[in-house]
Amino acid sequence: MPEAISEFLPIYLLAAIGLHGGIEMRKTGFEEMLIPMVVAIGLSLLFTLNHYQILRRLGKFNIFDSYALASTYGAVGAVTFSVGLSFLKNQGVSSEGYLAAILAVLEPVAFILAIFLTNMAVSKQIRTKKQSISDDEELDIGMKQTSTKLSQVLKESITGKAIVILLGSIVIGYIIGKEGFEPISIVFDELFTGAIVIFMIEMGIIAGQRLEDIKKVGIFLTAFSVIIPTINGIIGVLVSTALGLSLGGAVMFGLLLASASFIAAPAVLRHAIPQANPSLYITSALGITFPYNIIVLLPIMFTISTWVHGEEAIDLFNYVTKVFV
Amino acid sequence: MPEAISEFLPIYLLAAIGLHGGIEMRKTGFEEMLIPMVVAIGLSLLFTLNHYQILRRLGKFNIFDSYALASTYGAVGAVTFSVGLSFLKNQGVSSEGYLAAILAVLEPVAFILAIFLTNMAVSKQIRTKKQSISDDEELDIGMKQTSTKLSQVLKESITGKAIVILLGSIVIGYIIGKEGFEPISIVFDELFTGAIVIFMIEMGIIAGQRLEDIKKVGIFLTAFSVIIPTINGIIGVLVSTALGLSLGGAVMFGLLLASASFIAAPAVLRHAIPQANPSLYITSALGITFPYNIIVLLPIMFTISTWVHGEEAIDLFNYVTKVFV
Amino acid sequence: MPEAISEFLPIYLLAAIGLHGGIEMRKTGFEEMLIPMVVAIGLSLLFTLNHYQILRRLGKFNIFDSYALASTYGAVGAVTFSVGLSFLKNQGVSSEGYLAAILAVLEPVAFILAIFLTNMAVSKQIRTKKQSISDDEELDIGMKQTSTKLSQVLKESITGKAIVILLGSIVIGYIIGKEGFEPISIVFDELFTGAIVIFMIEMGIIAGQRLEDIKKVGIFLTAFSVIIPTINGIIGVLVSTALGLSLGGAVMFGLLLASASFIAAPAVLRHAIPQANPSLYITSALGITFPYNIIVLLPIMFTISTWVHGEEAIDLFNYVTKVFV
Amino acid sequence: MKLYDVKLLTITCEILAQKNVIEILKNHDITGYTTYEVEGNGAKGLRGQGFKNEKNVKVEVVMREEKISGVVEDISRTLFPDFAIILYVSDVGVVRTEKF
Amino acid sequence: MKLYDVKLLTITCEILAQKNVIEILKNHDITGYTTYEVEGNGAKGLRGQGFKNEKNVKVEVVMREEKISGVVEDISRTLFPDFAIILYVSDVGVVRTEKF
Amino acid sequence: MKLYDVKLLTITCEILAQKNVIEILKNHDITGYTTYEVEGNGAKGLRGQGFKNEKNVKVEVVMREEKISGVVEDISRTLFPDFAIILYVSDVGVVRTEKF
Ligand SMILES: Nc1ncnc2c1ncn2[C@@H]1O[C@H](COP(=O)(O)O)[C@@H](O)[C@H]1O
Ligand SMILES: Nc1ncnc2c1ncn2[C@@H]1O[C@H](COP(=O)(O)O)[C@@H](O)[C@H]1O
Ligand SMILES: Nc1ncnc2c1ncn2[C@@H]1O[C@H](COP(=O)(O)O)[C@@H](O)[C@H]1O
Ligand code: NA
Ligand code: NA
Ligand code: NA
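Residue numbers (the numbering used here), protein chains in the order written: chain E, 1 to 325; chain X, 1 to 325; chain Z, 1 to 325; chain S, 1 to 100; chain U, 1 to 100; chain A, 1 to 100.
In short, the hints are calculated from the structure, not lab data.
Check each hint, because a few of them may be wrong.
[Said to hold, decoys possible] Here are the simulated lysine to aspartate or glutamate pairs, EDC-like style, with alpha carbons at most 16 Å apart:
| # | chain 1 | residue 1 | chain 2 | residue 2 |
| --- | --- | --- | --- | --- |
| 1 | S | Lys-58 | U | Glu-37 |
| 2 | A | Lys-2 | U | Glu-37 |
| 3 | A | Lys-19 | Z | Glu-156 |
| 4 | U | Lys-58 | A | Glu-60 |
| 5 | A | Lys-19 | U | Glu-66 |
| 6 | E | Lys-89 | X | Glu-179 |
| 7 | S | Lys-58 | A | Glu-37 |
| 8 | S | Lys-55 | U | Glu-37 |
| 9 | X | Lys-89 | X | Glu-179 |
| 10 | Z | Lys-178 | Z | Glu-24 |
[What the hints assert, rightly or not] Label pairs and their computed distance ranges (CB to CB):
| # | chain 1 | residue 1 | chain 2 | residue 2 | range |
| --- | --- | --- | --- | --- | --- |
| 11 | E | Thr-28 | Z | Asn-62 | 35 to 45 Å |
| 12 | E | Thr-159 | X | Val-226 | 29 to 39 Å |
| 13 | E | Ala-242 | S | Ser-76 | 29 to 39 Å |
| 14 | X | Leu-58 | E | Pro-291 | 48 to 58 Å |
| 15 | E | Ser-123 | S | Arg-77 | 13 to 23 Å |
| 16 | E | Lys-215 | S | Ser-69 | 37 to 47 Å |
| 17 | X | Arg-57 | U | Pro-81 | 23 to 33 Å |
| 18 | Z | Gln-125 | U | Pro-81 | 52 to 62 Å |
| 19 | E | Ser-123 | U | Lys-26 | 54 to 64 Å |
Built from N, CA and C at the ideal position, the CB exists for glycine as well.
Only chain E is shown next, with the shape it has when bound in the complex:
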């Protein structure tokens, strides 16, 4: 993948999402956002814990892989979010602007939980060992490293590039408003769908190169990568509808919870839980869940949201021919 695409497009997508979100939020204000955000954070934490139990108990993965995978699926994916926005735009349906802010806030939540719990587990192991054997300077160092790592990762993920760009552009969007957006709308609005298409072509090529890896993922994780997003996403649609979000807003809320992180996850987890096998969480998130989410789950959630909002369902057959544009 040319760097032009791999490094530049994620920044561009984040900036475009943020700007749109900020502009919309100017119209609606902050109050409305509070409850959905708290609920989203709660669900993200809950789901992460739930994923862990499933992976550890049923999947028999080790602690590290279980927490890494649990948080990958508890976290959110900005690219998936972008595709959702562009899908809604094509359907002529709008969504709440503050969802961009929820995206930004959700980004580190699941990781922080998983890292915290992993460190707890490791410390406990070390402490048990220590008691049984004797005082040991190295173990002390081990524990100190573990807790330093947590605070460092926390700091890094909160001041991470993605969040800074996302929040920064929400603020800018809020300040400049619709009118100030005019001269740059060609770049950040009209080019948006085309940019996503180009990104997806390249991601398709990468995913293709990984077909081998996907076979190695195993039947359990493959099922997990399809079923969990489906459940999480549908819960998201229903809960957010109950909270009063619009048809499109509920779809995006569901998509947030359904999405798995495949750009941020490796960067965070490789440092925080280096013992976990990265090819497990990258391959399942990028190779299975991402295409499943945008091709299958997105229209399903749209249909569900349409039902529960009492509007006419989309023509699913017609959709299939349009999913990528």
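Take the given structure of chain E and dock chains X, Z, S, U and A with the ligands to it, following the hints.
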């Protein structure tokens, strides 16, 4: 040349050509395409053989250089094709959508022929040697390698990135149609000419760095690089007009046959005919034929096509000031 | 900074500036340009000498740093110029097209003067040494190297990539005119502001990484980096208004003189005056003067120009919220 | 012109371990190093296609012989188990020993 | 800490010959290597400007001494005549010999 | 297969000094070299972030032993004072001495 340009733009151009072609083909269907495609393949093979004779007999090039050059000029150039499309667009003239499919199919044809013939020649040499000297294991290996190489190159060029992107986007264009194209038309249609201009600026800089090399190409090859495309192109215009192609379609058909390959050629030939001197075919195709084709030959072919289609000729003087836009 | 941005965007900005300038110049012709250009060159030289005196006498910098900094601030910045154009566009104010040509001509002027004077100073030192000690072959070589370097740098900066692209696109813009520009206006006009925004985001990140360096720059140079551009810029606005330039033209003329070079400067000065400390001139030009110029000085100069042109001033408060778009 | 014998330590690892390597160097008071992105193949499979996070990086450090052992041990102990990584040491000659 | 002596083979060649080099390594059961794009000048002229196809690549392989000779001979025989290519061998020390 | 002993000179410097290095090589009739961009840290601080002009470059030259001394002296004399730069020399074996 920044990678942003050198790696990304060719992919972009191929995708844009393919999408347009696919959309157009939806209107016209496949039947029309058959005869022009067969004729184009036939001409490409014929021209390649003819180039070889000229280069080997008159130009006194060795077998390897002769076949490499012959196929470089028998093959087609997607960048040249792009410039042609953008030229026609500026003239307000349309062309048959299936020409994109012909571009895709022609891409490997000349190379396969040249590689096949080179391998035949090499095998014959080896066999002659073998008979005259004695049994020799190494020669056996040589022959085996030779034939493995052919099938491998064949497979690689048919599943090559360029062809996959081109055919893939033809299919997508066919599926989505004009309406589905709407949201991405800004990227793949409106930006098309501008992208070509940027690409050409960079190619101009590269060509400038090669001025030294061009001097080394020699008078014979320089003449070849101008005369051959002219003849091939004009034959292309006349034949395709006879086949019933439109004014613009005949120009593009001619341009296909006139164009030399300078992106695919080195990638294919360096593996298949490593003995050939790459600076010969790259320099002549990129440094001489490419600028000649778009600055001089394209308007000539347009004029000829206008004549034979019985319409009013373009104002050539006015054209000169516009050739790059 | 991804190469896509760092290498590609400056080229793009230069091409866009040049094309616009060329198109405008077609309307107005060359005569008008002469006096402003001569005055701009004169002021650039004068300012460079003035900067040197201030830096050497008051700032106590050594000869090399003084000349390097003097010319950095005597030279011009194409990125600053771009931001100015986009600012004016947003204000609905136009400017004289030939300013792009003045930008191209000014680019090397201050550097050539500073390099010439540095070499003079070095030669004098060498000669003094030589007389006092004795004939010395090495000193001869030193002097020869010094003068070769001057002519080489001269040649290189005049045939430098930036100038070639800028002048080349002025010529192209002049030839194609408004009408020929149509098909590429989406790339070179409509995308312009968005491209600048993306560039500035990345530059903001780079500037952020340099906060440490800025502290090291010292109080004197920090003051210099703010006061000198202000004085030079306001002189520019007033002089050009006196020469008859339009409201917008006077702002751009002022901005040219106020701007410091931070892309060309290191490339030229590192070879020509390697003894100078590059982090001084890069940090002050990029980290202090550039943001100051576009955030603070640009609206000030606009206000002044509005006054002296007797038109209604902009609403400065409103401006602050719009400065980046 | 005299060349002084020092060691060149070369570490090739996944890019996300670069920070850890440089941290270890810092712990040994080493601040001079050179890095660049590379691709590669090894026990952990083909690396370098796809996203930047999945590339490898080479870290090269010219240093005095006496420091090599401590640095190599720290890297082996903390990074070898979890990361795609190899390292090797070679002999080089330099002009200015005071720099290393 | 003990370092074991092995060899580092470095091949610098035009990028289109990379596949051939790696094929040869594979024939000798070598799957560990590191590659990166470079520019350069040599008998076949300045390389690395312009298109990606015209760049050079460096392939670096840490391997046991006994394999060097076969690999170098195969490369010399099949690639030296037609490609822009150089190679050199140097001595390095590694911690885990079992990896190479 | 016989390997002949030659030297590998590696120069890591700021990218704007590359021209000067290659000029010096040319003065010693050396036209074969390999270059690539790198990042790094040293006495002149962290280099490689931001603009291309602020990157480092590595220049690698395989050459005969007898030329090393002159080249290293020229570089030390003219470039060490003003530029971010280090260099080191190592021993390598090559197949075709006539190339260097
Ligand atoms: N024998 C080798 N020679 C050179 N580089 C190697 C070798 N083995 C591994 N590498 C590099 O080190 C990285 C990590 O190796 P590994 O931990 O074995 O996956 C690989 O991706 C290669 O870039
Ligand atoms: N003496 C040398 N030192 C370092 N690299 C070299 C040398 N000679 C050639 N190279 C590299 O090897 C490539 C191929 O060399 P050649 O086959 O001589 O053109 C060149 O493009 C350089 O990158
Ligand atoms: N000890 C070292 N080992 C490897 N590379 C170094 C070392 N010291 C400096 N460098 C590289 O040489 C460049 C210039 O060094 P300096 O002149 O010390 O700033 C640095 O930016 C690094 O890329
Ligand atoms: Na999720
Ligand atoms: Na052809
Ligand atoms: Na100035």
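Going through the hints against the structure:
no.: 1; hint: S/Lys-58 / U/Glu-37; result: 13 Å, holds
no.: 2; hint: A/Lys-2 / U/Glu-37; result: 28 Å, violated
no.: 3; hint: A/Lys-19 / Z/Glu-156; result: 13 Å, holds
no.: 4; hint: U/Lys-58 / A/Glu-60; result: 11 Å, holds
no.: 5; hint: A/Lys-19 / U/Glu-66; result: 40 Å, violated
no.: 6; hint: E/Lys-89 / X/Glu-179; result: 14 Å, holds
no.: 7; hint: S/Lys-58 / A/Glu-37; result: 12 Å, holds
no.: 8; hint: S/Lys-55 / U/Glu-37; result: 13 Å, holds
no.: 9; hint: X/Lys-89 / X/Glu-179; result: 20 Å, violated
no.: 10; hint: Z/Lys-178 / Z/Glu-24; result: 8 Å, holds
no.: 11; hint: E/Thr-28 / Z/Asn-62: 35 to 45 Å; result: 59 Å, violated
no.: 12; hint: E/Thr-159 / X/Val-226: 29 to 39 Å; result: 60 Å, violated
no.: 13; hint: E/Ala-242 / S/Ser-76: 29 to 39 Å; result: 55 Å, violated
no.: 14; hint: X/Leu-58 / E/Pro-291: 48 to 58 Å; result: 55 Å, holds
no.: 15; hint: E/Ser-123 / S/Arg-77: 13 to 23 Å; result: 19 Å, holds
no.: 16; hint: E/Lys-215 / S/Ser-69: 37 to 47 Å; result: 43 Å, holds
no.: 17; hint: X/Arg-57 / U/Pro-81: 23 to 33 Å; result: 26 Å, holds
no.: 18; hint: Z/Gln-125 / U/Pro-81: 52 to 62 Å; result: 56 Å, holds
no.: 19; hint: E/Ser-123 / U/Lys-26: 54 to 64 Å; result: 45 Å, violated
Checked against the numbered hints given earlier, this structure breaks hints 2, 5, 9, 11, 12, 13 and 19; the rest are met.
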